[in-house]
Structure formats: C-alpha cells, structure tokens
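There are 2 protein chains.
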Amino acid sequence: MGSTGGRRVGRPRAAQRPETGLSPRDELLAAAAELFTTRGYAATTTRAVAERAGMRQASMYHYVSGKEELLAELLESTVTPSLALARDLLAQDAAPAEGRLWELCRTDVELLCGGPHNLGGLYLLPEVRADRFAGFHAVRAELKDAYRQLIAATRTGGGLAKSELDLRTDLVFGLIEGVILVHRSDSERPVAVFAEATADAALRIVGA
Amino acid sequence: MGSTGGRRVGRPRAAQRPETGLSPRDELLAAAAELFTTRGYAATTTRAVAERAGMRQASMYHYVSGKEELLAELLESTVTPSLALARDLLAQDAAPAEGRLWELCRTDVELLCGGPHNLGGLYLLPEVRADRFAGFHAVRAELKDAYRQLIAATRTGGGLAKSELDLRTDLVFGLIEGVILVHRSDSERPVAVFAEATADAALRIVGA
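Protein chains in written order, with my numbering: chain F, 274 to 481; chain R, 274 to 481.
In case anyone wonders, no lab produced these hints; they're calculated from the structure.
Each hint should be verified, as a subset may be incorrect.
Intra- or inter-copy, both count: the list cannot distinguish identical chains.
Said to hold, decoys possible - Keeping only pairs whose Cα atoms sit at most 25 angstroms apart, straight-line, the calculated DMTMM-like set for lysine to aspartate or glutamate is:
id, residue 1, residue 2
1, Lys-435, Asp-473
2, Lys-435, Glu-461
3, Lys-435, Glu-383
4, Lys-435, Glu-371
5, Lys-340, Glu-400
6, Lys-340, Glu-376
The whole structure should be built from the sequences, with the hints applied where relevant.
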C-alpha cells in the first residue's frame, strides 16, 4: 500500500481509516458492533460496515467473508471470556461453590453490560438460529453447563433432582441474560454495583 | 366485494384468506407476529405480511398504516394484559403484597412465554427505540412501576432505601424478561411450571 513521493497510487480510499490502533479486522468488528446494535443487523449492509471502518467494500473481503462472519464473531466474543473464567472456576474444586458461582455471575454481567454496545441484544435475532451460528450456540451451551455444575456443587444444589437443577439453572441464566434488557434502560447506575447485586440475586435463586 | 353468478369480478386475490375467524386486522397482526419473529422485522416487507394474511398489499392499508403500526401493537399486546392485572392487584391493598407480587410475576411469564411467537424478542430491536414506539415504552414503564410499588409494599421492601428498591425492581423485572430467552431454548417444560418457579425466584430476590 505504498505511495510514491506523496502521489496517490490507484484510486483514493473510500474514507480515511480512523487511527484507532486496531487491526483492519478489529476495525470491522467494532464497526459491525456499532451498526448492528444501532441500525439493526438486517438493515446494515456490508458496504456500510466497510465504510464505517474506513475501507472499501472490496478490501473488506480480505479480512472477513461477510456480515455473517462478523455477527458470529461478535456473538462468540460475548461468551468466550466468561467461559474461560468458568473453566478456571470449575477446576478450583477445593473452594466453596457458592463463591465461585457468585464470581461467575458478577463477571458475566460486567461483560454483558460493560461494553460500549449492547451485543447481548443480538442473541434474539432470528438470523442467529441458523446453522452458521452453531459455534456460538455451542459455547453458550458450554457456559450454561458450567453454571449448572457450579449450582450442583453448592450445598443446596447438591440435593436437587435433575429437573429442579435444570430449572434453577434456567432461572439463573435467564436472570443474567435478562439484566441486559433492564440495564440498557437505566445506565446511570455503575455496572459494578449492578453486577454484584445480580450475583447476590443469583445465589438467592439457588437458595444458597 | 360481491361476485355475480359465480364469475369473479376484478382481478383475483393474491391468495385465499385463511378461514381463521379473525378480523382482517387481527389476521395482519398474526401474520406480522409470525414473520417478525421468524424472519426478522427489517427483513419482512409489508407485502410479505399482506400475502401471509391472504390479502393484497393495497387492501392492507385499509386496516393498518404499515409495518410500524403492526410492530407497535404487537409490542403493546405483550404488556397491556399484565398491566391490567397489576392495576387490579395494586387496588387490593388489604391482601399481603408478597402474594400479589407472586401472582403478577407468574401471570407475566405465562403471557410472555405462552404465546405461539416469541414477541418478547422484539423488545431488543434497534427500531423500537424510536419515538414511534413511545406508547409501548409508556405502558412498559407503568408495568415496571407497578412491580416497584408491590415490592415496596412487601415486609422486606418497606425498609429499603430508594436506590436499593430500584435495584431490586430492576433485578425482578430483568428476571421476568430474561426468562423469555432461556424458555425458547427449552420449550419441553410446561409454561405453568416455569412461570411458578420464576415467581418463587422473584420473591427470593426481593428477600420475601
């Protein structure tokens, strides 16, 4: 992409790339996160994403295969950090499960509510049901299973029948994902306060 | 719209109207509910809604002004029955608030999860932030305020500072709306069981 002696080679760029220090791929992900959550996924064209990231549509295809790949990666990015923590916490099986479950809830809420865009809102897109998003569904199921294992390891959780354990897992997981909706309407409260209160509420649901 | 002696007058209809016994307007709402939740709001054309309801696009405009009106009415329909119940329950101020809050939670979950389509998923559409949907936001805020009043009337709720009352209200409201997400992934469990378990969980969050 060199220019010779200040003269532009080839056609000028669609727009100036913002100087964010991000890689072109991360620039595209940031642009997609903004546009998908503010304009909507179906209403956003690949061209709009490329322009927002300061590149031509044709250049974009050097980095990603299209809109679906960007959505899949954004969705997975809301789960994988929590999943890594969940695996660590599951391995610390000498520590009380109550504290580990609390920590997972707190961190998960901070992650879901703390970013600049409400990516959790993308979970409900009808498009996300497609096989193309199997990777996201797999990591989300794995995270939910980690919640289930931690709940089962609590003092009250150990005595629950499977159907009751599944029910409490759904309620805790529903609470965590549901707080996305309410947090958006009231963003004056610090995320950390809300995350700790949600973790407390999750332990009360479990009965711990 | 009469036909004379079995001969069709004018052009044939786009499709046969299904014999559901619904009014044309309700037929359009049912078609919109299905298409918005399965294909997505932005991806659904008014023409597709009209065809699904068995009428021409031009006829549709006799009954509704367009896609936005259908979405606004569908959104409000997820709130207004719960709001009517909430007003009744608030008026019964001789009865313990715990039981009234439990009943509101149970009914609200049955309503959100019990319909044929996951209309709660439409809450997160970016389009819904527009002024056009102020009516929906107003009834939803009124419902949330009813939750707040019932929580404040419980024995533990009465002693809470305003910020703590707001926090518990957000957690209970978040739980109720969040169960939409998890219920969709596991629809084998009867809605009634899930609704009662959610109401129990809400009371535990409040500390009642």
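Hint check:
1. Taking identical chains as interchangeable, the C-alpha atoms of Lys-435 and Asp-473 lie at most 25 angstroms apart whether they share a chain (23 angstroms) or sit on different chains (18 angstroms).
2. For a Cα distance limit of 25 angstroms, the shortest separation of Lys-435 from Glu-461 across copies, 14 angstroms, qualifies, whereas the shortest one inside one copy, 39 angstroms, does not.
3. Taking identical chains as interchangeable, the C-alpha atoms of Lys-435 and Glu-383 lie at most 25 angstroms apart only when they sit on different chains, with a minimum of 23 angstroms there against 29 angstroms within one chain.
4. Taking identical chains as interchangeable, the C-alpha atoms of Lys-435 and Glu-371 lie at most 25 angstroms apart only when both belong to the same chain, with a minimum of 19 angstroms there against 28 angstroms between chains.
5. Taking CA atoms no more than 25 angstroms apart as the test, Lys-340 paired with Glu-400 passes in both settings, with 11 angstroms inside one copy and 19 angstroms between copies.
6. Within a single copy, Lys-340 and Glu-376 get their C-alpha atoms no closer than 34 angstroms, and across copies no closer than 43 angstroms, so neither meets the 25 angstroms cut-off.
Hint 6 from the list above is the single one not met by this structure.
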